[in-house]
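Undergrad: The residues making up each chain are set out below.
Protein chains: 4
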Amino acid sequence: MIDIEELLKNEIPKHMLKRASVTLRAKLKPIRLLIEHRRVPEKGWDDDVIEFFLTLLSWMDTDKDPEGAQVGEREARVASQLVYNLAHGFCHGVGRSGNLTAPQPKAVGSSLAYLLTNRLALDMLQRCGAPNLNSTCVLPLATGMAIGLSVSVARSESKKHVVIYPRVDHKSPLKGMQLAGMNVKTVEPEVDGDAVRTSMKKVRKAIDAKTAAIVSTTTFFPPREPDDVKAIAKLAAEEGIFHIINNAYGVQSRQIMKLIQGAIDAGRVDLIIQSTDKNFLTPVGGTILASPSPRLIEKVSQAYAGRGSAAPIIQFLAALLSLGLDGYERLRNEQEINRQMLEEHVKRVADKHGERLLDVFNPIAVAMTLNQHEAKKVGHYMYTLRVTGPRVLEETDFGICCRRYHSPYITVNAAIGSTKEDIQSATSALEKALRHTRKYA
Amino acid sequence: MIDIEELLKNEIPKHMLKRASVTLRAKLKPIRLLIEHRRVPEKGWDDDVIEFFLTLLSWMDTDKDPEGAQVGEREARVASQLVYNLAHGFCHGVGRSGNLTAPQPKAVGSSLAYLLTNRLALDMLQRCGAPNLNSTCVLPLATGMAIGLSVSVARSESKKHVVIYPRVDHKSPLKGMQLAGMNVKTVEPEVDGDAVRTSMKKVRKAIDAKTAAIVSTTTFFPPREPDDVKAIAKLAAEEGIFHIINNAYGVQSRQIMKLIQGAIDAGRVDLIIQSTDKNFLTPVGGTILASPSPRLIEKVSQAYAGRGSAAPIIQFLAALLSLGLDGYERLRNEQEINRQMLEEHVKRVADKHGERLLDVFNPIAVAMTLNQHEAKKVGHYMYTLRVTGPRVLEETDFGICCRRYHSPYITVNAAIGSTKEDIQSATSALEKALRHTRKYA
Amino acid sequence: MIDIEELLKNEIPKHMLKRASVTLRAKLKPIRLLIEHRRVPEKGWDDDVIEFFLTLLSWMDTDKDPEGAQVGEREARVASQLVYNLAHGFCHGVGRSGNLTAPQPKAVGSSLAYLLTNRLALDMLQRCGAPNLNSTCVLPLATGMAIGLSVSVARSESKKHVVIYPRVDHKSPLKGMQLAGMNVKTVEPEVDGDAVRTSMKKVRKAIDAKTAAIVSTTTFFPPREPDDVKAIAKLAAEEGIFHIINNAYGVQSRQIMKLIQGAIDAGRVDLIIQSTDKNFLTPVGGTILASPSPRLIEKVSQAYAGRGSAAPIIQFLAALLSLGLDGYERLRNEQEINRQMLEEHVKRVADKHGERLLDVFNPIAVAMTLNQHEAKKVGHYMYTLRVTGPRVLEETDFGICCRRYHSPYITVNAAIGSTKEDIQSATSALEKALRHTRKYA
Amino acid sequence: MIDIEELLKNEIPKHMLKRASVTLRAKLKPIRLLIEHRRVPEKGWDDDVIEFFLTLLSWMDTDKDPEGAQVGEREARVASQLVYNLAHGFCHGVGRSGNLTAPQPKAVGSSLAYLLTNRLALDMLQRCGAPNLNSTCVLPLATGMAIGLSVSVARSESKKHVVIYPRVDHKSPLKGMQLAGMNVKTVEPEVDGDAVRTSMKKVRKAIDAKTAAIVSTTTFFPPREPDDVKAIAKLAAEEGIFHIINNAYGVQSRQIMKLIQGAIDAGRVDLIIQSTDKNFLTPVGGTILASPSPRLIEKVSQAYAGRGSAAPIIQFLAALLSLGLDGYERLRNEQEINRQMLEEHVKRVADKHGERLLDVFNPIAVAMTLNQHEAKKVGHYMYTLRVTGPRVLEETDFGICCRRYHSPYITVNAAIGSTKEDIQSATSALEKALRHTRKYA
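Residue numbers (our numbering), protein chains in the order written: chain A, 1 to 441; chain B, 1 to 441; chain C, 1 to 441; chain D, 1 to 441.
Here chain A stands alone, though its shape is the one from the complex:
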C-alpha cells in the first residue's frame, strides 16, 4: 500500500518517527496476522481497526475505481452517500448467478471478504466444539430459508420429496421445507415426565422409500428437549438418507456442540444450520451452514439463486473480529453462569408461588409451570413490565410440540449476550406478575 512513514523523513526528528511507526504498526498488526493465519483472532479487534479493514477490502471492488467506465446493467451504483454507508461500501452483494461463493470479477474485495468470512466461520465452529467439520458457508439468509436450501439439495441428490421432521413448533423451518417443494412428515414427540422428547422408534418407523432426509433440531424452548442427534445420525447412515441438523442457537452451548461433534463421528450428518444472530450477536439475517463435506457446501452454494445482500456477511465478519475467540469464550462462560443463576432464581420464585421448575434438559432456557396462575395474563403482565423474550403456553397451544402438555408454563432464556441484570429484572418481574395473576381458589 502506502509507505506513509516516508512522509515523515526529514520533517520530524528520527526518534519520533520511530515511535510513530511503532504505534501505526501496532494498530495494523491484527490485520497482518489475520491475513497470514486466516483464523479467528484470539483477542477481539477494536472497531476502528475493523472499519479500516473493511474499507480496504471494499476499495478493491470496481465500483470504487475512479478511472473505470461502468456500462453494465448492474454496477453497484448507489443513490447517495448514505446508501453507500449503509452497505459500508459493499454494494455488489455476494454471489454470482451460478454459485454463491464464486468470486465476482467486478467485486474482488467483496469476494475476498466473503471468502475470509467463510474461513473464519469454519475455524470458529471447529474451535467451538466441532473440529470434525470441514466446510462452512455463511448464507445471506436466516435459518428457515437455509433449511429450505439444504433440503432442496437433499431432494436433487436423492430424487425424493419427503422430509421427516421430529415436530418442533416453529414455522420457519417448515416453511423453508415447503418452499423447496418438499412434503413434510412430522413425527410427534412423546411426553416423558416433564420432557417433550422425540421418539427414535417413531422416527425409524416414519422412514420409507420416499424419504429424502431427516431434519433434526438441537435447540428449542423447554420442555421440548434437543433431539438425540447421534442416534439420528446413526439411523440416517443405516438408511442412506440425508441428515440435516437445525442447530439454530446451539453454538453458544458447549454441551450442544458436543452433541453435534458426537453425531458427526457416530453416523451421518450432512448439513448443520446455525443462526449468526442468535449465536454471534449480529443483526438478524445470516446463517452459518456447516458440513463435514465440502462437496455438499458447494452444492448448496450452487443451489442458491443469484446474489444476496452482503450485509449479513459483513456484519458477521465484523462480529467475529470484534469478539475474538477470547471474547466469545468469555460470553459462553457468562452464559453458563447466567443459566445457572436463572434456574436458581426461577426455582425460588416457583417455590414461593406454588409452581415448580420443569425437569428438562436445556442448557439455555428454563421452564416453570403456571398451574396456580392465569397463564396468558402472566405473559401480558411481563410484556408491560418491559420484559421481552419469555413465552407463556397453555396445554394445547402451538409451541408445545406435542398433542397436549400436562401444564401451562412459562419459559425464560439465559442466552448468550444476556446480562445478569436482564435475568434479575426478568425474574423479579416474573415474581411481580405471579403476585397479580394468581387464580382464585
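Calculated directly from the structure, the hints in this document are not laboratory data.
Glycine included, every Cβ here is placed at the ideal spot set by N, Cα and C.
Residues from chain D that face chain C, not an exhaustive set, calculated with beta carbons under 10 Å:
#1 T62
#2 G68
#3 E75
#4 H92
#5 R155
#6 S156
#7 M177
#8 G306
#9 T388
#10 G389
Negatives, chain C to chain A, calculated, CB over 12 Å:
#11 S97
#12 G98
#13 H161
#14 T186
#15 A195
#16 I207
#17 A209
#18 S293
#19 L331
#20 E343
#21 K347
#22 F361
#23 H380
#24 R391
#25 Q424
#26 S428
Chain A is already provided as a structure; the job is to place chains B, C and D on it using the hints.
TA: Okay, now just chains B, C and D, sitting in the frame of chain A:
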C-alpha cells in the same frame, strides 16, 4: 417527541428563537409530510434527514429500551457498536416466522420502516408507469430467489409443478425455480433478422395440464428482445395459469413499464419481480415484488421462511427518499439521452471498423457484431482498459438465448445511473479494442 | 503498511487479483502523490479518501498504541467513542508549550497533519495570487485573536506599544490588539464620493516614535474600500514599522490577492491574516497567517501560549484536499460571475425603487442607498424572509467606518460558496422588502 | 417536533404501538430531563443519544435552512460533507465580535449548545467541590491562552502591568501572560526537605504599586507542591490585587478542589482556570474558566477577540453528558486508588534499586530520586518501552521550579482516566529501566 424549543425560552432573544424554530421545522418538514402522505416525496431528502428519520424508527425497537429486560433467545443483541452501525440499528431484521410483513412486537420500529417501504415502493411503481398495480412487498432477497418464492406460490395454489420459461440465459431465475421444486420447460426463442424473440406459438404449444405458470422476461441483453408480456398475459388468462413477469431492471424504462401496464390491463399478470439495485441504485440484495392482487403478495409473504436482513429494505428506503420522484425522473431522462448517445457512438465505431449495430428493440442496451474481430480478445481488452459491464458472446455461447446466433457480438448498456462519461470512455475503449483485435485477412 | 493483496494470492483468479489491485491503487494514488509533492492536489479528493488519510495520520499518535502505558497528566484520553469521533482521533491538539508548530513526541501523527496543512496553505496562497509569500501557519484561532498574536510580536520586536489602525468598524481586530496590550490609534477614513477611503496623508501623520505597527484591511463591507496596502507597505518600509494586513476574506478574490502581491513587492508587509472559513469553506475557528518571512511566522508560533484544538487545522486540511486547486478556481470563477449578477440584480431593484448603487470598489459585495425607505425595517423584513447576511446601516451607525455617511444603505455579498439561487432569492426578497418599507411622502 | 407515533396509528396493533412509544420515550428521556433541569445528568448518556441531541441543536442554525438565502461573507458554508461532519454541523463557531458568549442570530443552535455547556460546567465544578463558584465560561482555547485573557482583564481593570508568578516551569502560562502584554515577576520557590514550595513571605514582598495580579498554581509535577491558595487569596484581598488560580488539572482531585473552595471562602479569588482535556477526558483545546463573580466571567468573554471553533465546546459538552456525575465520581475514585497503588509500586521499585520516594504532597503524581542511575537514560529507556508521560529531570533542568534541586528524579502520574494496567506496565518498565541504567561504582 421533545419540544426542544422550550429550552430556548428566556435564554435567547425571542426573534432569534423564532428564526431557529423556522429552520428546525424546515429540516423536519419532509418527515412530517412523509408521515402524512406516505408517498415518495417529490424532492429527494438530504442524507442527514434520512439518517435522523431512520434513527427515530430504530429507537422504537425494544432492544433500544434502556430499562428493558431481555430474556429471549433472539433479542437483537450485537457484538459491538460497529456491528450496530452496520445495521443502522435495525438489528431485529424484518419478518416473523409466519409472515414476512407481519409486525414484530419486539421491533415495531423495524416493522414500521418495512411497512412504509412497501407503501412507497407501490407508490413509486404506480407513478413509474404501472398505476394498475395494487400491492408490493420489498423482499430481502435478490430477484432469482424472489422468482423462486413466486413460483412456489403458483405451485401451492395450482398444485402443479411445471413452469414454462421462454429461454433467457441467466442462471439465477432458473435456479430460483428449481429451488422451489419446479420442473422448468424452456421454450426456445427464434431468431428473426437480428432479434432473438420468443415465439408465442411455441409458448402456447408448451402449455398442458401440468402447467402451473409462465415466467416471462422484459429485460435482457440484446439481441434477446423483451417478451410480449401482453400476449402472454392474454394466454395466461385464457389458460388459467399463473403469469409471473421477471421485470428485473425494467422500472427504469418508461417503454417497458408501459408494456407491464398493458399486460396487466389485457390479461393475467400475477406477480412482477424487479431488482432494487438495478432500478433504484441500492446495493445488491433486494427485490420489489409487485402485483395487481394484494392477496398474492400476502401469499408470497407467508411463503417466505422466517426473517431476513433489514439491510436491503433500509437501503432501498433510503434510496427512495434520497432520490425523490423528481430525482428519479431526472435519472430516467438521462438514461434515455445516454441510451441514444450510446447508440450513436457504437454505430460510429461499428461503421469505422466494418461491424454493424444489431437491429433489435432494447431501451437500455445496444449490441454490435464482431465478425471482423477476435471476439473474446475484445472482451479481455476492455476489461484491461477498466471497462466493466460489456459482454462478448460467440455464436453458441451461453447467453445468446437461442441454439445458434448468426454472429459474435458485444453488448453495452446505458443503464440508469450511468454517466455520459462512462459511455464515452467505454466507447472509446471499444474503439481501441477493435483496433487491436482485427482478424487477419 | 500492509500488503493486503497478498491475501488474494491463491484464493482468487490471477486476472481478478490484478484488476482489484488496480482499483485499490487508484484509490490510494492521491495520498501517494500528496506525500511526494506536498502540494494542493489539482483535483479534489473524495471524502472517503480524506477520511482514510486522516485515520492513518491519527494512528501515529501514542494514544492509539494498543501496547503503550500512559502515565502523564495529559494523554489524549477521551470520555467516549463519540468524543473521539468529534476529534476524528486527533486528541492531542496541536502545538507544544514552547512553540505552536513544534512536533509533539506523543503526537507525531497530529504534528505531521499540522506540518502538511501549513505546507499546503502556503502552496495554496502562492497559487492564489501571492507567489512572494514564503511561510504560513494555520492558527487554531479566528482572525481577531490572530491579529492579537501578530501585534504582540510587533510589540516584542519593536518594544513599542502603539498600533495605527485605519478605522474599520469591526470589534474583533480591535479586541485582538487590546488583548495584546496595545494602544490603538484609529485613523478616520474620508468619504470621497460614495467611497469611504483611508487617507494616506492621515496615516503618515499618525506615525510617531511609539508606533509599533500599522494594521491595514483589504476586505470589508462597502462603502468602506480596501486600504491601499501597497502605499501603506511603502510607508511602513520607510518608517521601519511593522505592517500587518488583515486580509480576512480576500483570498477568494483575484483582485485583492493582486493587491497583496503588489504590497509585498513594493514595500514592507510582515504578516497577513486570512480566515479559513470565509475563504475556504471550513467551520469557523482558524486563521491562515502568512508572511514573506519564515522568521516572523516562527516568532508568532512561539508567542502562542500552549496547545490548541486540532479541529480547525484538520477541518482546513480536509477542505483543501476536498476542493483541490481546480475546485477552488471553479469557486472563484463562480464568485466573480455571481458578484456581477448581484450588481445587475441590485441595480435593477434600485432603479425601480428610487435608490441607487453606491459607486465603490468592492469585488465581493454591493451596496445600495436606502434613502426612500425605512432602513431598519428593510433589514428586519429580510431576516423574516430567511435572508441572512445583508446589513443595513444608517448614517451614524457603528459599521459605517466614518463619522457620518451621506445615506443609509444596505450591503449584500456574493461571497465564495454563495450560489446563484442565494443571490436570486436575496434580491427578490430585497425587492419585496422595499415594496413594504417605502417612506411616506 | 414530530409526533412520529402518529404514523403507527391504524398500521400497527395498539399494544405494540404502546410498547414502541415506551421505548422511544425512554431513549429521549435524558434529553427532556436535561432541558428541564440544565444540570449534569447523574447517569451518563449513550453516545447515540448525545449525537441525536447535537443534531437537533445544530439544525437550529440558519446554514441548515433549506429555504434560506445566504448572502453574507460568512455563512458557515462548508467544502464537503466530511468537513461538515468534522464539526458535527456546528459550523458557525461560538462567539460574536463583541462577546464570546453572546447569542449569534445566525447560529441559535450553536449558541444554545454553548449556553448549556457553560451551565453544565458550572454545575459540574460546584458538585466537584467548589459550590462557591458562581459563573463559568468554557473557552475554545487551552489554559495558557486562557491565562492570557484572564490577566488582560486584570490589567484593564487595574490599569497595572505586573503579574506576580510563583515560579512554575511551564512555558504556556508565561507565554499567555506575555501575550497579554504583562511583565511577569517570578517568585522563586524554596526547597524544604524534598518539597519545592512557594514562600508566602517572598510573594508578599514582591507586591508593589504596579502589581495587577498574582497567578498561583495548584497542579504541577512533584516535587513542586501546590501553592497555598488560601494564604494567597487572603493576601490578594488585603492588597486589593487580582488573584488568578491556574488549577490546570485540579478538578479531578477532591483534595485540590477543597483547597480552591477554601481559598474562595477565605479571601480573594477572581478567576480559576482548568483544562477540559486533563480533567474531563476531551481532546486538547478547551478551558473552563470559573469565578465567584459573574461580572468577571462576562469581562473575559468580552475581552476575547471574535469567534472561536465550536469543537472544544461541543467535545466538552459530549464528554460531560457521556460521563455523567456518577461516571465522573467513579473515575475520581479510581484515580485515588490508582494514585495509592502507584505510590506503593514506585516505593517498592525504589527500595529495591537504592532510590527513594520524594516526600511531597501531590494527589496525582509521585516522584522518585535517580541518584544511583543515569537519569536521562532512564527517560529514554522508558520512551522506548512505550511508556508515555514520565519526566526525568536533573538538578538544574528547566522543570525543577527552583534554582537547584538536591537530586535528579523521575515523576509518574496516576491521573484521571489512567488505568491500573497503565500503572502496572509503567512501573514494571521503570524497574526494567533501572536495571539497565545503574551508574558504575
